[in-house]
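Chains Y and E supply the protein sequences, listed in that same order.
Going by numbering that gives the first Met the number 0, the first sequence opens with residue 0, and the numbers climb by one from there.
Going by numbering that gives the first Met the number 0, the second sequence opens with residue 0, and the numbers climb by one from there.
Derived from the structure by calculation, the hints contain no laboratory data.
Small disclaimer: the values here were computed from a predicted structure and weren't measured.
Check each hint, because a few of them may be wrong.
So the derived label-pair ranges between C-beta atoms look like this [said to hold, decoys possible]:
#: 1; chain 1: E; residue 1: Leu5; chain 2: Y; residue 2: Asn200; range: 49 to 59 Å
#: 2; chain 1: E; residue 1: Arg17; chain 2: Y; residue 2: Thr86; range: 20 to 30 Å
#: 3; chain 1: E; residue 1: Leu48; chain 2: Y; residue 2: Pro187; range: 49 to 59 Å
#: 4; chain 1: Y; residue 1: Arg253; chain 2: E; residue 2: Leu48; range: 22 to 32 Å
Interface residues of chain Y toward chain E, partial, derived using beta-carbon atoms under 8 Å [stated by the list, open to error]:
#: 5; residue: Leu40
#: 6; residue: Tyr44
#: 7; residue: Leu169
#: 8; residue: Gly176
#: 9; residue: Leu179
Glycine included, each C-beta is placed from N, C-alpha and C at the ideal position.
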Amino acid sequence: MRNALRIFFVGGATSYRALFNWISPWVYIPHTLGYPVFEILFFAYLGRFANVQSDKFFLIGNAFMSIAMTGFFGMGNAVGGERRSQTLATLLASPANRFALFLGRAVPSIFTGFITAVFAFTICSLILHAHFSAHELAGIALAGIVASFACTSFGLCLGSLGLRGRSVSLFADMIGGSMLLLSGANVPLDRLPHAVRLVSNVLPLTHGIQAGRLLGGGGSLAQASHLLVREALVGAIYVCLGVTLLRLFEYEGRRSATLETF
Amino acid sequence: MTRAFLSGMWIHVVMFSRNPFDLSGVVLWPIIYASIAYYLLDSKDNPRLLLAASLGAAVMLMWSLVVIGSSNALENQRWLGTLELLVAAPVPFAAVIAPITVASGFVGAYALLATLAWGTLLFHVPLAIDHPLAFAVAVPACVLAIGMLGLVMASTFVLYRAAFSLGISLQYPVWIATGLLVPLSVLPPFVRKIGWFLGPYWGFRGIREATLGSAPWPYIGMSVAISIAYVAIGSICLHYFERVARSTGSLKLT
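Given these sequences and hints, build the entire structure.
Following this line, the structure appears as structure tokens:
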């Protein structure tokens, strides 16, 4: 347990520091912060043009999307990056706890994603003149944390695919893109066909966004609790699935000697 | 140089057409953005608005492919250790990069077909092109204008190791400023004028006017004119940034 915690914290911190050795903060920060800001503005103005919902609808939906994307890519790239730099086989030959190993690398990125979302939310609130009370902001933050857990869990499933294939980032990109539509971030769920809504219900983020909008609109925690519980439940299911897939695909990768295939 | 451009473009069109990342982008992304627009606009009474949204989503993808495809291609060259060889080659570096950006835009034209087919089959968007000849000219003119803007952007990618990340972050600002899906009339006034300097603005309007409007040729002409301006700016920028990258010895760093 102590070793797993050490790998989680020290490994995660080292890999995060390495990121800044690779990329200059002067490039990293503007592009990391700029992307969600422009995404929120794009959909908020599209919503204004279509005369659908308020700016707050798109503001909360897309701020949650940026949390989700770091959850998906953080976990996906934790494995995919090792394959790309040809270190995956060496890493898996070590006795280190896999969950601690990969989650440790993803958590700093997810934390950054959360900070990024807060920054983008604040900037866009000012641009779009959307105002929230402290109580509403606390509710949105709570929903954001639960959604972040669910998305990271889903990212664990995506990351496990990195043990089998080389295009995890491609897959995460496609899933992330689909979430713009399926999670209700940009289209009210009641406008989507019934079959699509069934898919939305089993995806992470959908209930988190609904909870965030409810709490951001002045709703009480009691009113949003069922949505938060559903989001957490979806996350818990994906954690179980992700850990199972991680073990299964590692076994398969070792058996078929495909860990270094690129 | 012409041979280098044409053969380079052909090779990159074939490579992009076999790349799952680009192909999934070509099929999936414009469909997602067009679907969001369809569900939000919900304008059964105005199907031409949905057709304009389809065209806008397709041009959005063209720009994404150019900016992401070219940055990804340059980053791959850097990772494979071939970037410095390309820079050292006697062929001007612009003739090496321009085929990558134009080929990306060309592959992005597939998105036009995917989006129009998706809209017609699932959302019953009527596919009626008012000026077929102008449309046939407007699409390559749009590809050229977007590809050449990509050339200007790609010159900065020579300097940065994080070219791919930089490419991704340039998508939304250009989509917004050029009014591809969101009309410029709903944006703050200062944004409207930025689009005049961007190729997708003229390229998209050329395609849209050829499909739905009355006067496509001025926009097509502007697409070609701005492409020529981009070639001049891109060549100067490439020359300068190439010299900086050579002097700092940063071409090989991954």
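Against the structure, the hints:
At about 51 Å, the CB distance of E:Leu5 to Y:Asn200 agrees with the hint of 49 to 59 Å. As the Cβ distance of E:Arg17 to Y:Thr86 is approximately 27 Å, the hint placing it in 20 to 30 Å holds. Hint check: E:Leu48 to Y:Pro187, Cβ distance near 19 Å, so the stated range 49 to 59 Å is violated. Distance hint check: the CB atoms of Y:Arg253 and E:Leu48 are about 55 Å apart, inconsistent with the given range 22 to 32 Å.
For Y:Leu40, the suggested interface contact is upheld, since its CB lies about 6 Å from the closest CB of chain E, less than 8 Å. At about 5 Å, the closest approach between the beta carbon of Y:Tyr44 and any beta carbon in chain E falls short of 8 Å, and the interface hint on this residue holds. For Y:Leu169, the interface hint holds, the least distance from its beta-carbon to any beta-carbon of chain E being 5 Å, beneath 8 Å. Because the beta carbon of Y:Gly176 sits about 5 Å from the nearest beta carbon in chain E, less than 8 Å, this interface hint is met.
Interface hint at Y:Leu179: satisfied, since its Cβ lies 6 Å from the closest Cβ of chain E, which is below the 8 Å cut-off.
In this structure, the earlier hints numbered 3 and 4 are contradicted, and the remaining ones agree with it.
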